[in-house]
Amino acid sequence: MQCDFIFRLKGILEFACQLDNSNGAQSQSTISKSFQDLRSKVSSKNIVFTVCNSPVLIWPNAGFQSSVESLTEASACGDILQCIESDDGGRKKSSKKKDKKKSGPTVVNMKLLFEVTEPAGDEAPSLIRVSTQQHCVKMPLPLDCTLSVTTDESLATVCTGLVEALNKQLADMEEVVLRYRKGSSFLVPQPFHFQLPKPAGLITVIYPAGVPDSQLQAVREDLHRKFKLPCDRPYLRRANAFHFPDAAYKDGYLRNPHIHLNPPNIEDAKLYLVQGVYSYHHYMQDHVDDNGWGCAYRSLQTIFSWFQQQGYVETAVPTHTQIQQALVDVGDKEPRFVSSRQWIGSIEVQAVLNQLLGVTSKIMFVSQGSELATKGRELANHFQTEGTPVMIGGGILAHTILGVVWSENTGQIRFLILDPHYTGGEDLQTITDKGWCGWKGPEFWDQNAYYNLCLPQRPKTI
Amino acid sequence: MGRSYFVDEAVEEYLSGLQAAPGSCVTGLLAGQSSPQRDFVVLAVQTPHMESEGQPKASKGVSPLDDIDVEWVTEHAKQVSRMLPGGLCILGLFLVTPPELSKDAQNALKRLIFAMDKYIIKGRLWELSEEDVTDRVTLHICFKTKKLVCKTFDVKDPKSSAKPADWKYQTGISSSWPMLACSVEVDLQIPVTGSSSDNTDKCMKDGLRRWAKPIEAAYCLINGRQALDDSELISGQVKTLSFLCHVDSTEQSELDERSSALVQVCSGSMRVRGVVHCRAYIHNNKPKARHAAQAIKRDIINTVCSRVEMFLEDLLINEGSQKGAVVHHVLHVLLKGMVHPKMTILSSVTHSHVVAHVFVFLLYAVHKRRYFEEY
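Sequence order for the protein chains is A and B.
Using UniProt numbering, the first residue of the first sequence is number 1, and each one after it goes up by one.
Using UniProt numbering, the first residue of the second sequence is number 1, and each one after it goes up by one.
Read the hints as simulated data drawn from the structure, not as lab findings.
On a predicted model such as this, the values are computed, not experimentally measured, just so you know.
Each hint should be verified, as a subset may be incorrect.
In silico DSSO-like links for lysine-lysine, alpha-carbon gap of 27 Å or less [what the hints assert, rightly or not]:
(1) B:Lys202 / B:Lys118
(2) A:Lys10 / B:Lys213
(3) B:Lys118 / B:Lys144
(4) B:Lys103 / B:Lys163
(5) A:Lys111 / B:Lys202
(6) A:Lys198 / A:Lys138
(7) A:Lys41 / B:Lys213
(8) A:Lys41 / B:Lys159
(9) B:Lys202 / A:Lys138
Partner residues aside, some chain B positions facing chain A, computed with beta carbon under 10 Å [unchecked claim]:
(10) Met179
(11) Arg258
(12) Leu262
(13) Val275
Note that the Cβ used here is the ideal one computed from N, Cα and C, for glycine as well.
Isolated chain A, as found in the complex (with noise of 0.2 Å):
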């Protein structure tokens, strides 16, 4: 069933308590009793969910109380997008395809706040000293709940599942932070929410901060067991986590270009495409001016990004310096190779790829260009196991595939290419319109140059 709403809640309250001696199960015992006191704040008749971007205030302990007088127990939730006031102050830039394409549930961000002006009790302010030495506690957890729902689902049960959520997540954090607690040292637990294959959906694990995912083998490996999920390829690693379509990525790289295309449209062929998440890397970007040489090294950080975003590897998209010192360090090349601007072919990908990752790759050649029309069955079964980008190079030019259009019967083929060669800005329009990111036929390829591609192989790990 699909679903159009994902409601998203984010708050942070702060943890503290006070430790009389670091460790024992008496240190325990307050703890779980601080959590216990976070729990009854969340249940508690003061607690109020705004609606980011509108005047829509909800108690959804106090009766549903709403400060918007359309806006009842029994509204549709769908209802609330009314009072939300979009903040496009620019134009939505988008070219005729783009409008095709079907579009993700919509996000609706709201925050968690605390009503202070409804006291409990009517004491005197007083001040109470306690002069023994303690270990003091502070520590801010950052609530980050989600529901997801269909768009007739009533604000009453919307509401309802975001409290249990907050209260879930609560005891989620406090079994983190029991189980990664060393005496006083406590580590701050973070949601992390993954879009899994359905029947689960949008979940949310909690991971300790500063555990890096390495150490973090057994806890996933529970988790794809609960979940069901395939044992050979990481679905909860941090990287993993489901990107929010109304969240800008910070480093300004655009994400999946390709998905704003429409794919052409051949009798009978199947469409293989790359799996999952890469970022378009590309000339001058980063202050590089590698106009004229730097294209397969392009297509190399275009592949990295792959691996990183799927969450295979923690580490940077290497630079062009980064990337000749590796194949120094596997002695490929000379020292003097670093801070030059030599080309690279697929040999050096796949070699770099390996260095750099531990990423085995498939080479293949064809001896001519119009051969790569015939190599449809290979490619497609590539994008269907792997799934990964694929980097050729031949003649004098590098290139990014990302996926064929391939007609088994007919033998009929288009290829779907990144082309590192482009100069400007991430401006989506010109990208997909100029088709730097694009469909292209058989006579694409120089047909009398020989070609190498060289396929990643996907680890088999979690």
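Fit chain B to the known structure of chain A by using the hints.
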């Protein structure tokens, strides 16, 4: 163009009834509310005589102006400002002198006004906004001729010079000022590191500062609607007031960097809890909803701060008189001699609407009970 001070007639009465020994000076405070266009003065109160034991102090200088005890004047100002309800503050000082001292009065007033403002704002937890008026008024009255000289100084500029200002009397200035009231529950746990009282003070200040930030940033709802904008607050229409806060003051950027808890080894902790009742008045010259919200937020912060300050002063006084690890103090501070004898005067000069609610705390050291008295 100078500022305009609209002054309640009751203040005129008070000022003209002041007594002074021949050749001596009288100082006092002027309280009210400033708005960007004009200022309203609703209260005047003379600096009380300090009850001195033993010999009266020898004259310091050549003129009675030099004898003005700046510390005493500023202490009085601080105590009175603590007691003013939200929206009202000390707007300036008056000085009554015999005719022969009139020409030196301006210098004396300038010294006093800067010293007073500096002392009052010490320890204040909220920041002034751009719209806040930083001019303070000095009023010089010649005892013999009753002539008034009214000038203002911009207290945020130490080099500022006196600017002329208008002083106009009117009836019933504050009679229709809307009042906002609310009760806020406070429950602060503040760790104390180190053992000196300076440490305690600093820890309390830091803890209060953290507590005050979400209050300052809170959504304020007046009659259920957010008081964000420049919509007018209409007198008589304020029925409900509530504050909605983000619970924690942690900034997002701080949150991104924080991966573990902040752990402090403390020599103890202080917990402040209870309910404070706050109120604020807002002038009725086209007041804006967000100014009203700001006034009461500041009152909440000031109220809690001054209670804590008084608790700590009390603790210092009573240090060592209690045994045991847990010491429970309920606040009592005696303001006798500072303001108490003047309370009757306070209530008669001010319009009953405005400073009718002033709290006085009386000390009952033996019984440890707390009293509020409303005049």
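Here's how the hints hold up against the structure:
no.: 1; hint: B:Lys202 / B:Lys118; result: 19 Å, holds
no.: 2; hint: A:Lys10 / B:Lys213; result: 19 Å, holds
no.: 3; hint: B:Lys118 / B:Lys144; result: 32 Å, violated
no.: 4; hint: B:Lys103 / B:Lys163; result: 16 Å, holds
no.: 5; hint: A:Lys111 / B:Lys202; result: 32 Å, violated
no.: 6; hint: A:Lys198 / A:Lys138; result: 38 Å, violated
no.: 7; hint: A:Lys41 / B:Lys213; result: 20 Å, holds
no.: 8; hint: A:Lys41 / B:Lys159; result: 51 Å, violated
no.: 9; hint: B:Lys202 / A:Lys138; result: 18 Å, holds
no.: 10; hint: Met179; result: 15 Å, violated
no.: 11; hint: Arg258; result: 6 Å, holds
no.: 12; hint: Leu262; result: 5 Å, holds
no.: 13; hint: Val275; result: 5 Å, holds
Violated hints, in rising order: 3, 5, 6, 8, 10; the structure is consistent with all others.
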